[in-house]
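Based on the hints, put chains B, C and D in the right spot on chain A.
Protein chains in written order, with my numbering: chain A, 154 to 479; chain B, 154 to 479; chain C, 154 to 479; chain D, 154 to 479.
Bear in mind the hints are in silico, worked out from the structure with no lab data behind them.
Each hint should be verified, as a subset may be incorrect.
Note that the list lumps identical chains together, so a pair holds whenever it fits in one copy or between two copies.
Within a straight-line C-alpha distance of at most 30 Å, the following computed DSBU-like cross-link-like pairs (lysine-lysine) qualify [as the list claims (entries may be wrong)]:
#, residue 1, residue 2
1, K180, K427
2, K209, K472
3, K247, K424
There are 4 protein chains.
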Amino acid sequence: MNFNIIRAGRAVLHVTDIEKSRLFYEKLGFVVTDTDNENLFLRGLEEHNHHSLWLKQKQEPAVEVISYKVTSEKDIDELESFFRRQGREVKRIKAGEQPAVGQTIRVQDITGIPIEFYAEMEAVERLLQRYDLHTGAKVQRIDHFNCMVRDVETAYHYYLHKLDFACSEYTVGEHQKIWAAWLHRKPSVHDVAFMNGVGPRLHHIGFWLKDPMSLIDGCDVLAAAGYSTNIERGPGRHGLSNAFFLYVRDPDGHRIELYNGDYLTSDPDFKPIKWELDDPMRQTFWGHEAPDSWFDEASDVLDIQTGQKIALQQPKLKKSKPQFIM
Amino acid sequence: MNFNIIRAGRAVLHVTDIEKSRLFYEKLGFVVTDTDNENLFLRGLEEHNHHSLWLKQKQEPAVEVISYKVTSEKDIDELESFFRRQGREVKRIKAGEQPAVGQTIRVQDITGIPIEFYAEMEAVERLLQRYDLHTGAKVQRIDHFNCMVRDVETAYHYYLHKLDFACSEYTVGEHQKIWAAWLHRKPSVHDVAFMNGVGPRLHHIGFWLKDPMSLIDGCDVLAAAGYSTNIERGPGRHGLSNAFFLYVRDPDGHRIELYNGDYLTSDPDFKPIKWELDDPMRQTFWGHEAPDSWFDEASDVLDIQTGQKIALQQPKLKKSKPQFIM
Amino acid sequence: MNFNIIRAGRAVLHVTDIEKSRLFYEKLGFVVTDTDNENLFLRGLEEHNHHSLWLKQKQEPAVEVISYKVTSEKDIDELESFFRRQGREVKRIKAGEQPAVGQTIRVQDITGIPIEFYAEMEAVERLLQRYDLHTGAKVQRIDHFNCMVRDVETAYHYYLHKLDFACSEYTVGEHQKIWAAWLHRKPSVHDVAFMNGVGPRLHHIGFWLKDPMSLIDGCDVLAAAGYSTNIERGPGRHGLSNAFFLYVRDPDGHRIELYNGDYLTSDPDFKPIKWELDDPMRQTFWGHEAPDSWFDEASDVLDIQTGQKIALQQPKLKKSKPQFIM
Amino acid sequence: MNFNIIRAGRAVLHVTDIEKSRLFYEKLGFVVTDTDNENLFLRGLEEHNHHSLWLKQKQEPAVEVISYKVTSEKDIDELESFFRRQGREVKRIKAGEQPAVGQTIRVQDITGIPIEFYAEMEAVERLLQRYDLHTGAKVQRIDHFNCMVRDVETAYHYYLHKLDFACSEYTVGEHQKIWAAWLHRKPSVHDVAFMNGVGPRLHHIGFWLKDPMSLIDGCDVLAAAGYSTNIERGPGRHGLSNAFFLYVRDPDGHRIELYNGDYLTSDPDFKPIKWELDDPMRQTFWGHEAPDSWFDEASDVLDIQTGQKIALQQPKLKKSKPQFIM
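Looking at chain A on its own, in the form it has when it is part of the complex:
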C-alpha cells in the first residue's frame, strides 16, 4: 500500500517572541505570508502554498508538529486507519480549525515525533521570479526534517516498510547498526532523516537554496544584521548527501539548515549509500569537526494530545557523536 505522501510540507514551532522571530527569519531570506501578535506564517520564494513554517507565540519553545503533504483527502483517511490499526492514537483536526490548511490528522510516530498529514493548503503568489524582492539567503522551499531519536533502526524500518519511504544514504556505527538514515518520498536525498541521540527531538528543518552563493550571501547578511552568533556551523559540505550547508539557530534555538547540492533519487536501482560513523568525510567532507552544540542541542517535541513535552530517552546506540581521528 502506498499512502501518496508527497513530501515534507511544513512545521509548527512554538517561539517566545514572535516579533524577534519575524526579524530573524526575514533577514534569513524567508517570505512572510502573514503575521499577527501570536502567529507568523513563513514560506520560501518558490512555494505556492501559504506557509512551510508556522511559528506560534508560546511560553516555551517547542515543536508542536511536523507535517507531510499527501495527494488527497483519501490518503489522510487511509493513514488514519493505518495508524489506528497500529494502535496509535490519532487526532483529527477539521478544515477551518487551522489557518490556511485543510483537514489533517496528527499522530505520534513510532519514535515519538509528532507528525501530521494534510492534502490542502491555501494557494499564494509564488515569488520565484520576483528577484527584486529576494533577500538574505533567498530561501527557496522547505526540504526536510531531521529528527534525533533513541532508536533509529526501528524508525528506519517503519518509514521504509510501512510508510513507503526510500533510503538514499545511511550511517552505521558499531556492529553495523544503523546510526542515522536519510529517507525520502520526493526524489531528493531526504524528506526526513533520523539520527541516534537523546530524543525524540527535532534536530533541524532543512530549507533548499538555489545555489551556493545564496548561502554565502546569507552568512554575510545575518552577520551584518547582528546575527553572527546565530550561525552555528558551516558553511561546509556534508559528505553524506553532498549538501553545501549552513546551520543557524533562531532566537529560540530552533535549528534551521540552509542547503544546496543534493541529487536526484528517482531510480529504483539507486543503491543507498553506506557511511561509517567515524568516517571524517561523512559529516564534513572538508574535514572540520562540528561544534558540540550541534550534537547536544535540539528542539523538544510535544504530545499531540496533551500538548506536554515528550519525555527524553537516552539513545539505544552508545555513541551519540562521531569520533574523528584527525
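Same frame as chain A, but now just chains B, C and D:
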C-alpha cells in the same frame, strides 16, 4: 493507468566523427563511460547508470531515439500493449542487443518522434564527489528532451492523458492555441517539452548543472579550448521554467542545453503557468532575442523501423517564432 | 613629470527625470548618498567618498564632465599649468561651488572629452560590510570611463606620454593603427579607454562588481523590476580585459557597464596585450556579436565653457565596428 | 624618499619532499612553471612572471626569504644603502645566482623576518584566459605575506615611515597598543601584515582568487583528492579586510591563505580602519572561532647570512590570541 515512467533517460544520436565528438563533450564536462571507434557513451557526474548519451558513428547526423526510464519490465510490457492498441508499430529490442541496457521497446510517438522505454541500465561509479575529476561545466545529469513538432496541442493531450505526464508551464499563441508545453514525470519543470515548428525534430537535450557558476565556467572552458563558435545562445534566463541556460551545438549541430534553476513540481495543486507567445520575458527573462538558428535548426529524427529520416511537416500554428516588440 | 592622478573618480551626467533615474539606479544596486529634485548623488558599496555618479536634472541627456581624483591640490595646480602651456582653456571651479567636492579644474582633453581633476571629496560611511543593505548587482565602485573618439592614436600618445597613464591592452585595425586602447593609473586594466568611432562621446562608465554572481543577480533584479529592455548586452566575457560584463542603459540612454574579472597591472615589465580588431574573441570571448546599438550609440559630451554639445566628427579609421567571420 | 616597492612578489620556502609538495600545490590550483628533484617553481594563473612560490628540497621546513618586487635596479641600490645606514647587514645576490630572477638584496627586517628585493623576473606565458587549464581553486596571483612577530608596533612604524607602506586596517589590544596591522604598497588591503605572537615567523602567504566559488571549488577538490585534513580554517569571512578566506596547510605545514574580497586602497584620504582585538567579527565576520593551531603554529624563518633558524621570542603584548565572549 500509470505506466511508471520515471524520467528522461538517455538519447541515441548519430554523429559523423566520434573522435571530434569526444573532444567536444569532454571539454563540455561530460564523463566518458566508454568509447571505441564507433560508439561514445557519456554520462553526467551524478549519474549511476552507464550513459545518458550514446553517440554512434554514422554517415549523417540524426536522432535514432530518445529514451525514458521506467520502473520495471512490467511497465515495458504494458506500454507495448498500450501502443499496439493505439495502432502503433512497436519494435522490441531484447536485452543484450544494445550495450549496457536491458530490453526496450521503441515506437514513433504521436508526433513522429522516436521514443524508447527501458527499465534496466548497467550501474557505474557515480562521480558526484570526485570533485578532483570535474571539468568544464561539470554536467550533473540528463534532464529533458525538447521536441519541435507540427502539432503541439495533440502531443500535449496525448502525453498528459495517455502517458500520465503533468504540465508545469505552457505557451499559447493566437486564439489561445497551445504553442509549446513543458511536461514532466519526475517533479521538475520537465522531462519533455514540445514546441510548434517544422518537425518532428529534436530541438535539444537538456542537462542539469549544479549551479550558475558551472555554466559560466563552461563558457570560459569551451571558448579557451577553441569552441566559442559552438556557443549558440546564452547565458541567459528563461522566463518560462526559470532556467539559467546556455545552448551549445556539438560538432554535428546537435543542440545541448546546459541549465540550472528550475523548481519542484511535486504537488497536485500546482497550477501550470501560462505564458503568451509574444511576452518577451517568456523566452528570455532578461530581454534578449534568440538568434534565428535557435528557431530554425534542429536535429532530424529517424524511423524506428526503417532507420530513414522522418519527413518534415510545416507547423500547424503559423507563427514558428515569437515576435518581440522591444 | 608625474601628476599623481590616482584613478577615475566620478562622472557628472545630465538626465531628464531625476526620479526615474533614482528608481533605476537603486534597483541596479547603487547607494543613494543624497538626492533632491534636481540632483542625485550615487556611490558604490565600498566607496568612502560622497559620490561617483552625479546626475543633474536637465532638458537633455549629456555628459557634463568625467573626473579624475588626484593626490593633492598641488597636482591640480600643476595640471592647470600643464594644460595652459598646451594652449587649452582651463576652467577652475572653487571649493564650495560644487557639492561635496573641493576645488577642481575642468578642461576639454585632446579628443574633446570634458575632463576634471579634484583632490578632495567629502567622506561618507563605507557600506562594504553592511551586507544587509546590499541589493541588485551590489555595485562596489567606479572603475573606468570608455570614450568614443575620432582619433584614438593621438589620445593614446597624449595620455601615455603627457599624463603618465600606462597601457594594459590595445586593439589594432588596418595597417596596425590603434583602433582602441585601455589605459590605467591605478593598477587595474583601465581608468579610461578610447575606442574609434563618431565622437567625442562617452560610450560608458564602468563599475566594479565583487563577483560574477552579483552580475547575474543584477540581471534578475532588473528584469523582475521591469527593466529587462534596459539590458543591452551581456552577460558575457570580453577577451580584451577578461571582464565578465553586462551593459545596461539608464532611462536617458547613458550606458553603464557592470563588470568583474580584470587583473593586476602593477608591474613595469607587464607587456601591453595586442588584439586584432577582427578577432572575434576580443570583443566577446564566448563568440557572440554585440548589438548594433552598442557600436552606434553613446552619450554626447558638453563644452566645459559654453555648456553646449561638442560637435561630432567621423572617426579617423574607417571601420567603426569589427567584422566577425563566424 | 620612496623606494618604489611595487608589491609582494614571491616567497622561497624549504620543504622536505618536493614531489609531495608538487602534488598538493597542483591540486590546490597553482601552475607549475618548472620543477626538478630539488626545486619547484609555482605561479598563479594571471602571473606573467616565472614564479611567486619557490620551494626547495631541504632537511627541514623553513622560510628562506619573502621577496618584494621593486620598479628598477636603482631601487635595489637605494634600499641597500638605506639598510646599511640603518646598521643592517645586507646580502647582495647577483643576477644569475638565483634561477629566473635578476640581482637582489636580502636583509633581516626590523622584526627579524628575512626579506628580499628584486626588480626583474623572467617572463612566462600568462594563463589567465586558458580556462581549459584552470583547476582546483584557480589561484590567480600572490597577494600578501602575514608575519607573526614579537613587536608589531615597531614593525608598523618602520614599514610606514621608512619603507613608505600605507596602513589599511589595524587591530588594537590593551591600552590601544597595536596588536596587528595590514600594510600595503599596491592599492589593496595588504602586501604584508604583522600580528603579535611568538616570532619572527611567517604565518601565511596569501593568494588571490577570482571569486568566492573558486574557493568552494578548492575545498571540494582538495577533499576529493585526499587533502581534507590540510584544510585548517574556513571558508569564512574576515571582518578585518573583508576577505572571504580559506587557510590550508601544505605537506610541511606552511600555511597558504586563499582569498577573495578586499577593496581598493588607492586614496590618500582613506582612513585606516581600527578594530578591537576582542571584537568577534574582526577575525571572523560570521562569528566562528579559529582553531588553536591557527594562532599557535607558523613557519620558522632563516637568517639570511647563516641559513640558521632565527631564535623565537615571546610577544611583547601578552595576549597572543583574542578572547571571544560568545
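Against which earlier hints does the structure fall short, listed by number upward? 2
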